[in-house]
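Participant: Sequence:
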Amino acid sequence: MALQVIGTGFGRTGTHSLKLALEELGFGKCFHMYDLIEVSPEKVVYFEKAEKGENVNWDELFEGYHSAVDFPVIRYYKQVMAAYPDAKIIHTTREAESWYRSFSATILWASRPSVGRILKMMIRMPFSSKVRKKLRVFKYNGVMISKIIGKDLKDKQAAIAAFNRHNEEVLATVSRDRMLIYDVKNGWEPLCRFLNVPIPSTSFPKTNTTEEFVKNVARS
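Note that the sequence shown ends on residue 306 in the working numbering; no numbers are left out.
Accuracy of the hints is not assured; some may be wrong.
Computed spacing ranges between beta-carbons, pair by pair [said to hold, decoys possible]:
(1) T293 - G112: 13 to 21 Å
(2) I246 - L106: 23 to 31 Å
(3) E140 - I285: 36 to 44 Å
(4) D269 - E110: 14 to 22 Å
(5) N141 - A182: 17 to 25 Å
Quick list of in silico lysine-lysine cross-link-like pairs, BS3-like style, CA-CA up to 27 Å [said to hold, decoys possible]:
(6) K242 - K292
(7) K225 - K242
(8) K174 - K271
(9) K220 - K240
(10) K242 - K219
(11) K115 - K129
(12) K237 - K225
(13) K219 - K138
(14) K135 - K237
(15) K129 - K237
(16) K138 - K237
(17) K242 - K129
(18) K219 - K237
(19) K219 - K129
(20) K219 - K115
(21) K129 - K220
(22) K135 - K225
(23) K164 - K135
(24) K129 - K174
(25) K174 - K135
(26) K225 - K240
(27) K292 - K271
(28) K237 - K220
(29) K237 - K115
(30) K220 - K138
(31) K174 - K292
(32) K225 - K129
(33) K135 - K292
(34) K220 - K174
(35) K115 - K174
(36) K225 - K138
(37) K220 - K135
For the record, the hints were derived by calculation from the structure and aren't laboratory data.
Using N, Cα and C, we set each Cβ at its ideal position, and we do this for glycine too.
Hey, can you work out the whole structure from these sequences and the hints?
Facilitator: Structure (C-alpha cells):
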C-alpha cells in the first residue's frame, strides 16, 4: 500500500495532531512513533536496518498505513520519499525556542529513563513480550536521538542547531510544489487546501501535550 502523505517535521512540531488530522480527513491510518511503541514495537527492526544503511522493505513496514509522520520516519525521509514518489510532503514547523522547551521535557526526557523507570520495566520484562519489544524501541530511540543531537543531550544549542539544520535540509531537498510548510496552529484550512479535501466541521485535533506525553511514557 503506497503512502499518500509523508511528514518531515521533527517530533514536537504537532506531529501527533497531524496524525489525527490526516486520519480524520480520510487518509487511513498514519504511522507515528506512538504506533511503533504501542501498536507494532516489533517493527523497530526496519528502522534498525535503515540506520545501518541496509535496504528496507518500506511496503512491509507501512502495511495498512496511508501516511507516516514523526520520528523515526523523518530520519529516513529521503529513502521514504524515493519509495513513494507520488506522496505529498508536509513539513511541520515551530519556533525553535518553543520547540526545544517541549522537546526537552518529552522526547529527551524519555531518552534518559530514570533508574525507577528502568527497574519497573526490568521487573515486568520476563512476563511480557510486549515490554521486551518496547525496551528495544526505547533503546533504538535513545541511540537515534544521540546521533541527531549529539552525545550531550542537555546541550540546548546543539539541539536547536540540529532542529534548524534538519528544517533547512528538507527545504533544500523537497520540491516546493510537492510540499506544504505547515504550522498546526493554522488549523484545517491550509492542510485541506494542500490535500484538496473538504474542511471538516470539527475542531482541529490538539493532542499529545507535554503532560500527556509524560503520562503515556510513564505507563509504558
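Participant: Decide, hint by hint, whether the structure agrees.
Facilitator: Structure-based check of all given hints:
1. For T293 and G112, the hinted distance range of 13 to 21 Å is satisfied, since their beta carbons lie about 19 Å from each other.
2. Remark: the range hint 23 to 31 Å for I246 to L106 is upheld by a beta-carbon distance near 27 Å.
3. For the hinted restraint 36 to 44 Å between E140 and I285, the CB-CB distance of approximately 42 Å keeps it satisfied.
4. Look at D269 against E110: about 18 Å separates their beta carbons, and that is inside 14 to 22 Å.
5. Distance hint check for N141 and A182: the Cβ-Cβ separation is about 34 Å, which falls outside the suggested range of 17 to 25 Å.
6. Only pairs whose Cα atoms come within 27 Å are accepted, and K242 paired with K292 is accepted, the gap being roughly 26 Å.
7. Of the supplied pair hints, the one linking K225 and K242 holds, its CA atoms being roughly 22 Å apart against a limit of 27 Å.
8. A C-alpha spacing of about 20 Å is found between K174 and K271, which places the hinted pair at or below 27 Å, so the restraint holds.
9. Pair hint K220 plus K240 holds up; C-alpha atoms about 24 Å apart against a cutoff of 27 Å.
10. Only pairs whose Cα atoms come within 27 Å are accepted, and K242 paired with K219 is rejected, the gap being roughly 30 Å.
11. Between K115 and K129 the CA atoms are separated by roughly 16 Å; this keeps the pair inside 27 Å, and the hint holds.
12. For the hint pairing K237 with K225, the CA-to-CA distance comes to about 14 Å; that is within 27 Å, so the pair holds.
13. A distance of roughly 19 Å separates the Cα atoms of K219 and K138; the hinted pair therefore holds under the 27 Å criterion.
14. Among the hinted pairs, K135 with K237 is consistent with the structure: their alpha-carbon atoms are about 22 Å apart, no more than 27 Å.
15. As the CA atoms of K129 and K237 are separated by approximately 25 Å, the hinted pair is consistent with the 27 Å bound.
16. Among the hinted pairs, K138 with K237 is consistent with the structure: their alpha-carbon atoms are about 19 Å apart, no more than 27 Å.
17. Restraint check for K242 and K129: not satisfied, since their Cα atoms lie roughly 31 Å apart, outside the 27 Å limit.
18. For the given pair, K219 sits about 24 Å from K237 by alpha-carbon distance, which is consistent with the 27 Å threshold.
19. Of the supplied pair hints, the one linking K219 and K129 holds, its CA atoms being roughly 9 Å apart against a limit of 27 Å.
20. A hinted pair counts as satisfied when its Cα atoms are at most 27 Å apart, and K219 with K115 qualifies at roughly 22 Å.
21. For a cut-off of 27 Å, the pair hint linking K129 to K220 stands: about 10 Å separates their Cα positions.
22. The straight-line distance between the Cα atoms of K135 and K225 is roughly 14 Å, inside the 27 Å bound, and the hint therefore holds.
23. The suggested pairing of K164 with K135 holds, with an alpha-carbon distance near 15 Å, which does not exceed 27 Å.
24. Proposed proximity of K129 and K174 is supported: the alpha carbons are some 24 Å apart, at most 27 Å.
25. Of the pairs offered as hints, the one joining K174 and K135 holds, with about 25 Å between alpha carbons and a cut-off of 27 Å not exceeded.
26. Taking the CA atoms of K225 and K240, the gap is about 18 Å. The hint holds against a cut of 27 Å.
27. For the suggested pair K292 and K271, the alpha carbons sit about 9 Å apart, so the restraint of at most 27 Å is met.
28. Our distance criterion of 27 Å between C-alpha atoms is met by K237 and K220, whose separation comes to about 23 Å.
29. For a cut-off of 27 Å, the pair hint linking K237 to K115 is broken: about 34 Å separates their Cα positions.
30. A distance of roughly 20 Å separates the Cα atoms of K220 and K138; the hinted pair therefore holds under the 27 Å criterion.
31. Of the pairs offered as hints, the one joining K174 and K292 holds, with about 22 Å between alpha carbons and a cut-off of 27 Å not exceeded.
32. Of the pairs offered as hints, the one joining K225 and K129 holds, with about 14 Å between alpha carbons and a cut-off of 27 Å not exceeded.
33. Taken as a hint, the K135 and K292 pair is broken in the structure, with Cα atoms around 33 Å apart against an allowance of 27 Å.
34. Restraint check for K220 and K174: not satisfied, since their Cα atoms lie roughly 30 Å apart, outside the 27 Å limit.
35. About 16 Å separates the Cα atoms of K115 and K174, which keeps this hinted pair within 27 Å; it holds.
36. Among the hinted pairs, K225 with K138 is consistent with the structure: their alpha-carbon atoms are about 15 Å apart, no more than 27 Å.
37. Note on K220 and K135: the hinted pairing holds, with a Cα-Cα distance of about 17 Å set against a maximum of 27 Å.
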